[in-house]
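Start from the sequences, fold in the hints, and give me the full structure.
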Amino acid sequence: MFDILSFIPRAVVQGVPLLLGSTGETLTEKSGNLNLGIPGVMYVGAIGGVIGAFFYEQSLPSPEAIVPALAVLIPLLCSLLGSLLMGLLYCFLTVTLRANQNVTGLALTTFGVGIGNFFGGSLIKLAGADVPSLALSATSGYFSKSLPVSSAFGKIFLSYGFLAYLAVIIALVAGYVLKHTRVGLHLRAVGESPNTADAAGINVNRYKYVATCTGSMIAGLGGLYYVMDYASGVWSNNGFGDRGWLAIALVIFTIWRPNVGVLSSFLFGGLYILHMYIPSGMNLAVKELYKMIPYVVTIVVLVITSMRNKRENQPPAALGLAYFREER
Amino acid sequence: MDNKTAAVTMRNITKTFGSVVANDKVWLNIYRGEILALLGENGSGKTTLMNMLSGIYFPDEGQIAIDGKEVVIRSPKDAFDLGIGMIHQHFKLVDVLSAAENIVLGLEGKLDLKAATEKIRGICDAYGFEVDPDQKIYDMSVSQKQTVEIVKVLYRGADILILDEPTAVLTPQETDKLFNVLRNMRDDGKAIVIITHKMHEVEELSDRVAILRHGQFIGDMPTKKTNAQEMTNMMVGHAVTLNIDRPEPKDPKPRIEVKNLTVRSIDGILKLDDVSFTANSGEILGIAGISGCGQKELLESIAGLQPVEKGSIEYIEDDGSREQLIGKDPLSIAQMGVALSFVPEDRLGMGLVGNMDLSDNMMLRSYRRGKGPFTDRKSPHALAESVVTRLEVNTPGVSTPVRRLSGGNVQKVLVGREISSAPTVLLTAYAVRGLDINSSYTIYDLINKQKEAGVAVIYVGEDLDVLLELSDRILVLCGGKVSGIVPGRGAKKRDVGMMMTRLGGDGKHE
Amino acid sequence: MNNAARNPLFHVARRGAVPAWKAWLIRGGAILLSLVACGLITTVVTGENPLAVYVTVFNGSFGTVRKFWTLLQNVAMLLCVALAVTPAFKMRFWNIGGEGQVLIGGLAAAACMICLRDSLPNAAIIALMIVSSIAAGAVWGGIPAFFKAKWNTNETLFTLMMNYVATQLVAYFCVVWESPKGSGQIGVINQSTELGWLPVIGGQRYLLNVLVVLVVLVFVYVYLNYTKHGYEISVVGESERTARYVGIKVEKVIIRTMLLSGAICGLTGLLLVGSTNHTLTTTIAAGRGFTVVMVSWLAKFNPIWMVATSFLLVFLERGAGEISTNFGLNQSFADILTGVILFFIIGSEFFINYRLCFRKTAEKED
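Residue numbers (the working numbering), protein chains in the order written: chain A, 1 to 328; chain B, 329 to 838; chain C, 839 to 1204.
Honestly, I wouldn't trust all of these hints.
[Claimed, not checked] Calculated pairs, DMTMM-like style, for lysine to aspartate or glutamate (alpha carbon to alpha carbon, straight line, at most 25 Å): (1) 1019(C) / 956(C); (2) 179(A) / 462(B); (3) 397(B) / 352(B); (4) 777(B) / 573(B); (5) 1090(C) / 704(B); (6) 860(C) / 685(B); (7) 310(A) / 467(B); (8) 1090(C) / 657(B); (9) 179(A) / 440(B); (10) 820(B) / 797(B).
Because the hints were derived from the structure by calculation, they are not lab data.
What follows is the structure, given as structure tokens:
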């Protein structure tokens, strides 16, 4: 039987990293930067949290001495710092040095995944575990703490760690900022037509830097959520998988609107785990085919949006282009 | 009146782009309560100079002072803070935003579109502009967009206004309205600079005129104390006879017959409405009209690049047999044996590939020749060499990317290629836009030679004087309709101008 | 009042043409700098003498004959995928689906080896493998191209998603054809009969691959530079409007080029399954579909230069891998070093295209 009560919460927890990743990438793309390094950024966000949590746990004289505020704050800050640095690196190359965004992004992904797995691997060695993974259950407990409600309503709406709610709030705030504030208006102008924005006295490079770095930090939180809440503090190399790429796909799926992203990321999360809920009996092979569903759906949505071709649903006009004021 | 402090003093300004010197030690004063006309040919550095005032470019050398105080303008924002506002020739508007959003773009404080809308309406009422603050820019006509630009500058309370060729896209009525606004603002004590190359605008509007030539400052004087001849001489450097050759057409025969041509843009806007005319061999048919009145669509329909709603375009062979061109793409038109050449308006975006060198660009038309999968690179190379020598193209060599050439040389390469294939029909759009006088005459000569060789030439132009001297017949477009077809010899500029703004041009009131 | 102090210290201006030797000098300098940086990083992490680090890197590729052949094989495979995607890149079609196109080519080859082994002779199987893997790759590349041509569907995402679809397809067949049962892996196909194994030339297992890729290299170079198709690709890439203006059917060129691109990827899949590995896993493409974006871009889409850039990347990867094993670091260290080196090279382009102008000190006025 299809168990909707267990399906929805699992879809949501799958969707949260995607939501954070796509909100971050949307902000970035609105500034005209196509950051294909988001998968790398999310890895770094995750490993940043892991490193913070690991050393905090190591420094404790006994597991009971853990301070809840520190257990949350240290990994959170480490994660934000890591992804901020990645965002700065991307901006320095593409905005200041005006490098090709596709290539820089892909290099950033290689680099970020490398950083994640390298430090992850090194920590696993340091911890001296027998299994190739690292468990940070003490700190993770504070990330996944939720209200103790067991009704159906509670399961569907209240059973998540604080980062999940933060993700929804960030997405809604980002949507509001983009649509209704001056900063959002300026940011949209920068992504649509940097020339115009520049002539209007908007500091194009500053907007690109701030939007891209903020976007990176939000995306990095997605990595943090994945490892500290979803995976219960267990880091294993390459565990994060292809979620970063899905987050980028989701940006197009949501036609550059973070508030639309809330529901669509949960829908995506649902598609991602649907294969576990479709009865396939003993045939293991068919499960592999079901795993195709989110990708096929993305392709279908991609094709449909391109066929409808509405003016408002287009990517920012200057997406992917470096800006140089004195270009002739 | 020369003893008052200048609102703006530009001293010794130099700006280079690569090896091109756009401004060379330019000195310029701008005063309040005065309209200054900055006069110069295309490419004389007018826009570059003003872009440094508005913070788009930064000068390589020289100083700028506002009200006698030396300033550094690093960005457009610095310029705004100093009260400098510029209305660019290419509008600086974001297409997907509304008029109000564009107008408040770059300002600080809380975003309150309602209050902004009120203030915009106030400005519009004061000057008689018509702007819908909620309309998206991509839904607007060119003159509406310009209005938004002007309102934007007024909204910011700029007191030093720079307008870069503001009338290029306006009807005479709209121009008059604009000039009145500018005069009011001058009387308000604002400093106004208008960049132009139209003499009558200088005479009609300005109090003082400053002239640039090849990036150098030639001189300035009160407009009243000079005359058109003197200004022209300063502008071009030597007295020019504006005479363009116009040989009599030899044995004209119908070559292209257009009947009831109707074209809509992708957005469903009617671009050409029931257009009919005939273009003859051995004749230049000039197309006049305010820009954006369907000229582009007309040429592209003939060239097979524009989907057509209804009507017919027939190509007539010397023996009288006819071929329908509608529904064919450029390749099939060529394969039918119709030798059609097209010099489009957008040279580097359509006619040529900027990043390819001269020979590769020559190959655009000829690469299909010959059997087998391989291209012949020898003959395009030879053609490039011969175009360079024949048309005196100034280039380091035929393997230089064309985007590195100056506007005039780019055009010579394009025209050279298009006429090399011995066409029977030659379509040209704004063939001399952005070219200096010498290059322009080279182009007129080339077009005349084609005409004498029996080619049917369709010449879309923006300079009425040239159209009147070059064309055998002039077709005037007004809002996508044929306003009239007049013989080039003896046509009055005033009449053609009237036909451009009103169908038929007879001045009857509706 | 001193205004000179408020002047910006320098500003950036676009350069005119830079002679090729100077451009490559700048890039070479960037690579050297990046190697110094990598040496420093490694020294910090391992505490080894930097010189020992460089020797280790060199040994990773040239230490033994076997390592050298592995290097050649990896360069050949990376180059082959790079050659495949380059025509698309020149057309400004950002095909990052090389991964999936390789996989699907490999899947087709494996399918022939497994399904036909009891019914056809070896030569027929190999012939069918060649045809089917090339065709499968072409189809996989052609699908996104069709939608791009018809509705301008974003090709970057489409090809990216096609990678995952291909991966899952391969995963499905890995279970269907698993051997032994329950392992979820195919294992070496036809180990005893060697049916469908591509021939070994000159006693060198990888020589065939290297030779095939050399042929592909010459083909792509000639195709791009000397044929009508190649010329059309350049025009479409530079400006679609110009292409239409001279009567090039842009849609046709997009689809045709992606069919070719996919076909060469499919061929790579065939080589990987039929010659290198003799098995099929979901990871045979090994991220090459992404790496080639950098190979191709660094070489400015020039096939000949791509030999050098793919060599450089594989050399670094193997070197970094050697560092990892020798100094007890994990394999991902290679990715970090590769990233650092790429950042330097990417950043160096700035100094080729732009120059910094230091403002002259304010002149005395008269």
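Now for the hints, and whether the structure bears them out:
no., hint, result
1, 1019(C) / 956(C), "holds, 20 Å"
2, 179(A) / 462(B), "holds, 15 Å"
3, 397(B) / 352(B), "holds, 23 Å"
4, 777(B) / 573(B), "holds, 10 Å"
5, 1090(C) / 704(B), "holds, 22 Å"
6, 860(C) / 685(B), "holds, 20 Å"
7, 310(A) / 467(B), "holds, 13 Å"
8, 1090(C) / 657(B), "holds, 14 Å"
9, 179(A) / 440(B), "holds, 12 Å"
10, 820(B) / 797(B), "holds, 11 Å"
Checked against the numbered hints listed earlier, the structure breaks none of them; every hint is satisfied.
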